[in-house]
Structure formats: C-alpha cells, structure tokens
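Please put together the full structure from these sequences, using the hints given.
These protein sequence lines are chains R and Y, in that order. For the first sequence, the residue numbers in numbering that gives the first Met the number 0 are 0 to 246. For the second sequence, the residue numbers in numbering that gives the first Met the number 0 are 0 to 354.
It cannot be assumed that every hint is accurate.
Said to hold, decoys possible - Derived lysine-lysine pairs resembling DSS-like cross-links, with alpha carbons at most 27 Å apart:
1) R/91 / Y/269
2) Y/233 / R/107
3) R/177 / R/230
4) Y/241 / Y/269
Please keep in mind that the hints were generated in silico from the structure rather than gathered at the bench. As the structure is a prediction and not an experimental result, all values here were calculated from the model.
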Amino acid sequence: MSAIPPLRALIVDDEELARHLIREYLQGHADIEIVGECENGLDAVRQIGALAPDLVFLDIQMPRLTGLEVLELTGRRAGVIFTTAYDEHAIKAFELHAVDYLLKPFSKARFDDALARARALHAPASPAPALDALIARKTAPLERILIRDREQVHVIAIDQVECIEAQGDYLAIHADGKCHLKPQRISEIEEQLDGTRFLRVHRSFIISLAHLQAIERPGPDRHAARLRSGKRVPISRSGYEKLRTLV
Amino acid sequence: MHPILADARKLLWYVLAWLLAGIGIAALLRLTEQAEWSGALWFALPICLVWSFVALSSYYVCRSLPYSQRRWPVALGLFGGASLLSALAWLGLGEAWDSMGRLVSHDKPFVAMTSPGWVMYFAAGFVLYLLSLLAHDVLVAFESVQAAARREAESRVLARDAELQMLRTQINPHFLFNSLNSISALTGFDPAAAREMTIDLAQFFRRTLALAERERITLGEEVVLCEHFLAIEKRRFGAKLKTALRIAADATDCLLPPMTLQPLLENAIKHGIRQVDGGGTIAVDALVRDGWLHIAVVNPVAADEAPAGGHGVGLKNIRERLAVLYGARARIAWQRSETQFAIEINLPADKEVIE
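Here's what the structure looks like:
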C-alpha cells in the first residue's frame, strides 16, 4: 500500500486565537498539513489560488471579503469547512443546503467529526452542488460587485455601476469610466440586482436608472439610453416598455 | 356596540328579566283591581318587551357621565331627568297600546285604569328606568375596571419587550461567541489569560445589565465598562488594536445615557480597526468646556473600503436616544475622511446632585 499524501489545509480567520485553536485541534491529525494562514478575505482569495489547498477552514465574517465572497471569487466549491460565531442567515442557508459548518466555540469532538466528513468527501473529487446554490442564493440585493483580476480583487460599490453589458461568457461592468470583465451570465446578475435601481433594457444590457440621463430616438421605433458619462446603450422594444412604466 | 346587544345570551336573560317585570306590573294591576289577569298580561308584557330595548339607551346615559368625573348634583339631575322623560314616553306608549286593545278584543281596552292606576303605572315606568340606569352604571364600572386591567397588562408586556429589545441589541451575539471561542483557544496555552478574559467578559455583561436599567450614568462608569470591553477585544485582535483614552478628571462625573460610548468603540473596531491591515489606534477624548461635555472618538479606516451601511444605523440609534433625553441640547456629528472616521458628541455637562 502506498502512503497517502497528507491533506493540505489553509486556515482563514481574522482572529489569531481562532487560528491558534484550529492549529491546536489539527495537531493530533498526522494526515493534515497546514500550508498557510490568512487574516482576511483578500488574502484568502490569493492563497487559495496560489496554494490550491485540499481543505479550507473558512471564517464567514471577515474584513474585506466574507467567506462566501471568497468562494464566489475563487470558484472553489469543495473541501471547505465554514466556521462562524453567529450568523443567522448563513446558518439557515447551511442547514438548507446541508453544508457542514462549525459554530464557535466548538469542541475537539465536533471538529474531528467535521474533519472526518471532509476526508470522506475528498476521496472522490466530488464537487458540491450545494455550495453553488448557497453562493448564488443572495437574500438582499447586491450591494457591491467583486471582480478578480489575476492576483487583484476589485470591489465596486453598486451605485458606481452605470451599465452592464453581456460579452460572450463575460460581463463588461462599466463603472467610474473603467470597464471590468467578470465571468458571469447577464440573467444571473440581473436576478441579484435591485430591480428598482437597475433595469435590463436589452438582451445584452442592464442600465442603472441613477445614471440614466435621457432616452433618445435615433430612428423610427428605435430607442437608446444616454447615460451621464455620455455613453449610449441600445434599448429593445420590450426594454422601452419596461422603462416607460418605471420612468 | 352595547355589551348586551353584542351577546345573545346576555340579551336573552335581559329580556326575560323585563318580561318578569311585566308580570310584576300585571300582578300589581290585578291586585289593585285595575284589570283582569288576561287583560293585565296582554297590556303589560308587550309594553315591557318593547321597553326592554328602549331602556338599553341608559347605557349611553351612564357612559356620558364617567364615574371618575361625576358630581352628585349633576348625576342626580341627569338620572332623574332621563327617568322622567322616559316615564312620560312609557305613559304615552301605555295609553296608545291600551287603546289598540279595542281593535283586538271586543271593542274595549286591555285595562280600564282609573287615574290613580295611571299614576301608579307612570311611577313604575320611572322606577324601572332608574333601576335600568343603576344596573347599567354597575355594568359600565365593571367594564372600565376590566379595561384598565387589560391596559395595564398590555403596557407591562410592552415595557418588557422594550427591555428585551435593548438587552438584545446590547449583548451582541457575535461578540459573545467570538470571545468564548478566544477563551477556548487560550485555555490550551495560557490558562491565566483565559481566566482574565472570562472575568472581563463577566464584568462587561454584569455592568451592561446593571447600567442599562438607569436613565443616566457617569462617564466614569461608562469608561469602566468600555475598559472591560476593550480588554476583551484586545485579546481577540492582538496588536492590531491599540487605544488611547484621555478622559479629563472633571469629565468623569458628568452624566450621560448608558451605552453611549461603548457602541462607538464597537463600531470603531468593526468598521475601522478590523478592516485596516495592521490595525491602528482608537483615540477617545473627553473634556468639559463652558458647561458642555465633549466626547470625541477617532479611528483609522481602510482607504479603499466603501462606507458600510451598518455604521450609520448604530449612530442614528444613539442620535435618537440623545434626542429623546436632551432634545435639541445634544449634538452628535461624524465625518469620514480618506483614512479616518471621527465622531463628536456634545452634551450639557450635568453632574449628579449630591444630597
């Protein structure tokens, strides 16, 4: 029998004592090797990308990015054990999607249980569809858009976004005179946005109503939106109907 | 709605009582030989049936004169006048009904009353309405006692809800469970620190519970509470969290609402220190000048962090609480620059009166 390579674990928590506790609980497990620790969400995104750990202990309430946002940005769906002190919404979602989580403070026995389950899941590299559903499910409308650009993460406040354009498999997000690309479908982001502030005016365009300056008529039966930045966005016939009821 | 009309059972008993009164009147007519039994009953019962509904009006007469603001001459006048009026109507009804008797029974009235008979009948009408007034008065008094008891119970429930709400907002579960997790971690390698942290946590909650009940406390008491809070947070965040508390000696015995400074520090950590790589220092300055207590809290913030929504809610709560207690005499203002967040509170520098 060949020796099984150790599981490589990353610990993400902004509190040193919380990380210390996980290190201590892991001491008894010879098959787990700690490859790194992160203090905040941005660092976690970088380290998950760079180290590709088998297992991530992920705190939910962290500065910069929450645990769920880290998963959204890294696309990681398996080998995650959430830790949280108190978050009613997250816990409800975990229960709903049968995702394992540790409630702080947790016992060694409870920790070992979660670890055993993670090991069993790791053997066949099975992606967890539960996490997909968990991340996609946002209760409140989107307040900021996260974009990963190689090693950098951009956080765009939602009121800075003037329009979103579908370009193949990507979204071009126009904000503050810049354009950011994010791999996402336009229908998906449309669902997450606040319907009173954003409107899908065209098959491939969503505009911010706060940035809308005028509706132009370049031709019979054709409409276009002029945004505050001067940018023009085509409006489809059904988009025009929706816009007329709103404005 | 009238309480008797609203309840079918009560109405039934009420009408039965009036029919009994009708039998009483018939018996009186018979005994004084004003009429035969059958005629007396034919006369009295329908009138009493009709009058039972007319007498319900006495409920509103009683209601118009609440027990608490009743003066006896007014009450006597009103009750007597109402009874007199109703007795006149009762007399009219009696005569009208009696003459109707001609139509149904062989061209003669139900009763052939003499004048003294009608006087007696009139007196009975007066007494019956007066009795009805008195009975309704008891009913109204009973109702108002019940309503008062209900109101009191309701206000007790409301007060307790408010208290619970206050405790819930003050005992931040996030803070509690994270602190317990830190203690759990410390027990493994620094039991003495774990013990200190447990004591700080206990002191913080004990003081929160004790102080929250009072309307105003001294700044010194608030600062002691904040020191326990900061001791806990320093264990959690380590070297990231530094504090500089500069409380002027004459400011410590100034009064302010409990939990005014502590939420500001909690915010400063949550939205400031935690978000900044490497942390920073929270500066608290309190001093008295020209009869005003000035408190300023300044903390670093992450430059690229969009202003978080949560910050505003906590501050608005404090602003509302201050407005309730001080009206326009309290001021709270905050401003955010690229790298720091500053809050200033100005209150009248009230001190406890020592007797």
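- Determine which of the earlier numbered hints do not hold for this structure and return their numbers in increasing order. none
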